[in-house]
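Go ahead and model the full structure; you've got the sequences and the hints to work with.
For the sequence shown, position 110 matches number 125 in the working numbering, and the numbering has no gaps at all.
To be clear, the hints were calculated from the coordinates, so they are not data collected in a lab. Check the hints yourself; a few may be wrong.
Said to hold, decoys possible - Below are the DSS-like pairs computed for lysine-lysine, each with C-alpha atoms no more than 30 Å apart in a straight line:
(1) 209 <-> 63
(2) 246 <-> 63
(3) 302 <-> 31
(4) 296 <-> 209
(5) 296 <-> 282
(6) 72 <-> 31
(7) 268 <-> 72
(8) 296 <-> 246
(9) 296 <-> 268
(10) 268 <-> 288
(11) 116 <-> 302
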Amino acid sequence: MNQSTAPFDVDGSDVKYDEISSYISSIETVGYAYVPQAFSQSEISEAKELVRYWFEKTQSEQSERMPRLNRNQSMVYNLQNKDMLFTRMMMGNEIIQTVLKHFLNDYWFSSLPSDAPNYILRSFLARSSNHQMPMHIDSFVPYTGSHPFIMQCSILLEDQTEENGCTVIVPGSHRSDRYAPQESFEDAISIEAKAGDLLFWDSRIWHGARENRTNGTRWAMIATFCRWWIKQAFDIPGNLPQEIYDQLTDGQKAVMGYCSVPYDDEKCGIDMKRSFDMLPKRVGDYKI
16 MNQSTAPFDV
26 DGSDVKYDEI
36 SSYISSIETV
46 GYAYVPQAFS
56 QSEISEAKEL
66 VRYWFEKTQS
76 EQSERMPRLN
86 RNQSMVYNLQ
96 NKDMLFTRMM
106 MGNEIIQTVL
116 KHFLNDYWFS
126 SLPSDAPNYI
136 LRSFLARSSN
146 HQMPMHIDSF
156 VPYTGSHPFI
166 MQCSILLEDQ
176 TEENGCTVIV
186 PGSHRSDRYA
196 PQESFEDAIS
206 IEAKAGDLLF
216 WDSRIWHGAR
226 ENRTNGTRWA
236 MIATFCRWWI
246 KQAFDIPGNL
256 PQEIYDQLTD
266 GQKAVMGYCS
276 VPYDDEKCGI
286 DMKRSFDMLP
296 KRVGDYKI
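Below you can see the structure in the form of structure tokens.
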């Protein structure tokens with residue numbers, strides 16, 4: 016199926032259809048999209064307080080084996096394990112789900128309903144800018160095709176400005192077929208936005224972040240989603256707390272990876288593309 020003609024799954028008015036279509040068009044054309052005030056200020060306030068709580072609780076527990084881009088940054092990893100609010104915001108939003116299904120769903124994943132997500136969560140974290148982040152891509156390899164393999168969604172919990180370390184992007188670079196050169200930082204545009212706004216970007220796009228020159232934070236929640244056959248950054252299916260698993264919809268369980276996780280061996284099963292009726296009752300049974 017041609018990606019540009021993949022069917023939308025949008026209920027409601029023509030206005031909503033046109034709105035989401037414009038975000039999809041922007042991602043296809045320039046590599047990113049900006050959605051103003053996608054979340055209420057009450058949701059944002061609650062999420063920000065929870066992120067600050069989990070940062071204080073977990074910062075001393077993080078491994079010293081950090082990738083270069085994450086060193087000396089304020090981070091909270093694996094938000095899907097921390098509180099159901101994070102999952103509801105990132106995986107219960109109609110705009111996010113519709114855009115991701117358009118770009119990342121596998122048309123041939125026929126064991127799940129055609130209107131269900133079959134892309135998966137690769138990582139889910141919160142980040143506050145400290146030092147300048149170098150230009151990079153998150154897709155591992157650059158390529159020019161029209162089918163993204165990986166995409167990011169960022170929910171801003173605080174306003175981001177040039178002064179407090181906003182994201183910078185080189186529009187159109189997602190189709191450059193090149194890794195991000197560091198000199199491209201000078202040509203990048205600043206993405207200044209408000210708390211409650213939502214950003215999407217194709218993981219091939221050249222991007223980074225400015226230095227936070229203030230004494231404050233710039234928290235955002237960032238989820239990386241990918242096609243079902245790409246390796247997750249953590250063993251998300253094996254480590255999700257049971258009390259959170261019990262609150263997930265079948266579609267959210269699929270996004271966590273439970274419909275596509277590898278079996279231990281051929282004695283357990285073969286097909287990685289599994290249906291909802293094969294979802295485990297308990298996290299500990301997910302490979303059976």
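Evaluation of the provided hints:
| no. | hint | in the structure |
| --- | --- | --- |
| 1 | 209 <-> 63 | 13 Å, holds |
| 2 | 246 <-> 63 | 29 Å, holds |
| 3 | 302 <-> 31 | 39 Å, violated |
| 4 | 296 <-> 209 | 40 Å, violated |
| 5 | 296 <-> 282 | 20 Å, holds |
| 6 | 72 <-> 31 | 40 Å, violated |
| 7 | 268 <-> 72 | 26 Å, holds |
| 8 | 296 <-> 246 | 23 Å, holds |
| 9 | 296 <-> 268 | 11 Å, holds |
| 10 | 268 <-> 288 | 13 Å, holds |
| 11 | 116 <-> 302 | 25 Å, holds |
When the structure is compared with the earlier hints, violations turn up for hints 3, 4, 6 and for no others.
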